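Chemist: Okay, here's what each chain looks like letter by letter:
There are 2 protein chains.
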Amino acid sequence: MPEPQAQDELLYLGIDGGGTKCSAILTCSKHNSLGRGLAGPANPFRGPEQTIDSIEKATTLALRDAGLSQDDLSRVIAGVGLAGVNLPIVYETMSKWKHPYKEMFLTTDLEIACAGAHDGHDGGVIVVGTGSSGCSIVNGEVLIIGAHGFEFGDTSSGAWLGRQAIRAVLLAEDDLGPKTQLTESVSEALGSNGVSIVEKMVGAKPSDFASLAGLVFAAADKGDEVATDIIQQGASYLSHMVRKLASTNPPAISVLGGLKDLILPWLDDDVRMQLVAAKNAADVGAVIYAEQKHREMEATAKVSRPSN
Amino acid sequence: MPEPQAQDELLYLGIDGGGTKCSAILTCSKHNSLGRGLAGPANPFRGPEQTIDSIEKATTLALRDAGLSQDDLSRVIAGVGLAGVNLPIVYETMSKWKHPYKEMFLTTDLEIACAGAHDGHDGGVIVVGTGSSGCSIVNGEVLIIGAHGFEFGDTSSGAWLGRQAIRAVLLAEDDLGPKTQLTESVSEALGSNGVSIVEKMVGAKPSDFASLAGLVFAAADKGDEVATDIIQQGASYLSHMVRKLASTNPPAISVLGGLKDLILPWLDDDVRMQLVAAKNAADVGAVIYAEQKHREMEATAKVSRPSN
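Chains as they are written, first to last, in this note's numbering: chain A, -18 to 289; chain B, -18 to 289.
Be aware that one or more of the hints could be misleading.
Where chains are identical, the list cannot tell them apart; a pair therefore holds if satisfied intra-copy or between any two copies.
[To be verified] List of simulated lysine-lysine pairs, BS3-like, C-alpha gap at most 27 Å:
| hint | residue 1 | residue 2 |
| --- | --- | --- |
| 1 | Lys160 | Lys274 |
| 2 | Lys2 | Lys283 |
| 3 | Lys160 | Lys225 |
| 4 | Lys225 | Lys203 |
| 5 | Lys77 | Lys181 |
| 6 | Lys203 | Lys260 |
| 7 | Lys283 | Lys181 |
| 8 | Lys160 | Lys83 |
| 9 | Lys160 | Lys203 |
| 10 | Lys181 | Lys274 |
| 11 | Lys186 | Lys38 |
The hints are simulated quantities; they were obtained by calculation from the structure and are not laboratory data.
Since the model is a prediction, treat every value here as computed from it, not as a measurement.
Chain A on its own, in the form it takes in the complex (with noise of 0.2 Å):
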């Protein structure tokens, strides 16, 4: 039977929600890993709905894998970092969800990719998976780059690299591009060509595209052309996004993402020197996060409450 003590003990979940999939870390504290879950797409912008039963599910998988169940959720502290959240609307809507938690403190994905980095401390990061963005945390300050979502940004992401492709394709089969091996292999990847790749694509998600990028980085490395025009453009947007945030000199600055050690080789070379590894994923920043946090909360609890 446990002890007393230990069910009344606080838990933090870290859940790191992005367009392609959620994941939870439940933990004691940072480094201490009880269980993981692992769900859906939670990128709030495209659905609060399916985000929050992504979340739900990646937490109820987590709790299990610690041989824990829902009556525990009581005494979770969770920190919440998602996709999207740096639009106001959209952090408006998710901070309206009646969450099950003790306690949520929610923030973008990128705050927390940050957290876990460096270990909560100042820094660093460019995240390189379905979308693309950078962030640094200086002195409290947190700088933002890009996460202006697939239509007008995300330059150098997994779906950007996808619908590059597609487009190059297109380009080929009116003749007003040249016809290579990446031009064929996305062709045969979609099993469609010409304008039946526009009515397949209809409603594609950013994940739809981002599956096409490997071909691209499988292209380039056989010198394919088109393949490398497109990742040397998306990698010179990074290499100025890593420039930019070096500019509000964190101590160090990551690559994360899905695409990390396949795009790291096209940065530029005085960008790649500056680059250091991540200490945590950013699930365990996300419980980074959420520590800190309600350690802030408990600190302005106890200057707020009468020293009598």
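Take the given structure of chain A and dock chain B to it, following the hints.
Modeler: Chain B alone, transformed into the frame defined by chain A:
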């Protein structure tokens, strides 16, 4: 009281439907306009319901303008040219429409534009409006270039120019691109900046983006470097498109669409030299198309009818 013969006489209706508007012209023959009607967007790629609604409204207005009633629809041969109909699934959807006409001939907005520009003879057109695309008709062979829609194509169209302008504003606000008169005028026109623009444009239609195109041309005229870059990139694509159409040897090529006068000076000299003015608008082209198709059908019917 109208002559009995007049009540039996065939009428031709030309419909030109695109992302921004749907225009209708009612005629006895192509050179004898009886009435006109104008309604909202009619791009079936973005929804067949709205398209049908716009076509019906434009038809009703044209009938009314001609002093005719819905009863007269039974003697209307309609030529309907619509954006998006180059996609097989869109064509199929629109073909299922239980239209109110005696006969309806459905084709792309490009084919009717080409028929109109060259009076039903062989020729080529590029259309630069909300979207962009090109078409040539030579010896019955139809070549369509572009027409891939806003997600993957429409380079140099109004919607594309507007989106590029917004991207430039967001890049400038991240300090990753120059702040210029254009980035300021676009922020002002949208009444917002930074991520608020992203919020503001959620669910925006291509026509919403296209409403910013005028600002890009205005800034470029004053030497704005960002605006000039955007337009040069777009115009280069169009110049290539004209050369590609020219390679099919059409007797003449015209540039059409809402932005034709603004984009013309930016096309390459060799391209501009070979462009001729269009003879008729696209809705008249739809009438010409309907007359041609109706005549072909009559001829086929006569041939297949036993001669005794």
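Chemist: For each hint, tell me whether it holds in the structure or not.
Modeler: Each hint tested on the structure:
Within a single copy, Lys160 and Lys274 get their C-alpha atoms no closer than 53 Å, and across copies no closer than 37 Å, so neither meets the 27 Å cut-off. Taking the shortest Cα distances, Lys2 and Lys283 never come within 27 Å of each other, neither inside one copy (38 Å) nor across copies (64 Å). In this assembly of identical chains, the alpha carbons of Lys160 and Lys225 lie at most 27 Å apart only when taken from different copies (15 Å versus 36 Å within one copy). In this assembly of identical chains, the alpha carbons of Lys225 and Lys203 never lie at most 27 Å apart, being 31 Å within a copy and 30 Å across copies at closest.
Taking identical chains as interchangeable, the C-alpha atoms of Lys77 and Lys181 lie at most 27 Å apart only when they sit on different chains, with a minimum of 21 Å there against 36 Å within one chain. In the homo-oligomer, the alpha carbons of Lys203 and Lys260 never lie at most 27 Å apart, since the shortest distance is 33 Å inside one protomer and 50 Å across protomers. Taking the closest pair of Cα atoms, Lys283 and Lys181 never come within 27 Å of each other, the shortest separation being 59 Å inside a single copy and 41 Å across copies. Taking identical chains as interchangeable, the C-alpha atoms of Lys160 and Lys83 are never at most 27 Å apart, the minima being 57 Å within one chain and 46 Å between chains.
Proximity of Lys160 to Lys203 under the C-alpha cut-off of 27 Å is restricted to the intra-copy arrangement: shortest distance 15 Å within a copy versus 38 Å between copies. Neither within a single protomer nor between protomers do Lys181 and Lys274 lie at most 27 Å apart by alpha-carbon distance, with minima of 45 Å and 31 Å respectively. Proximity of Lys186 to Lys38 under the C-alpha cut-off of 27 Å is restricted to the intra-copy arrangement: shortest distance 21 Å within a copy versus 34 Å between copies.
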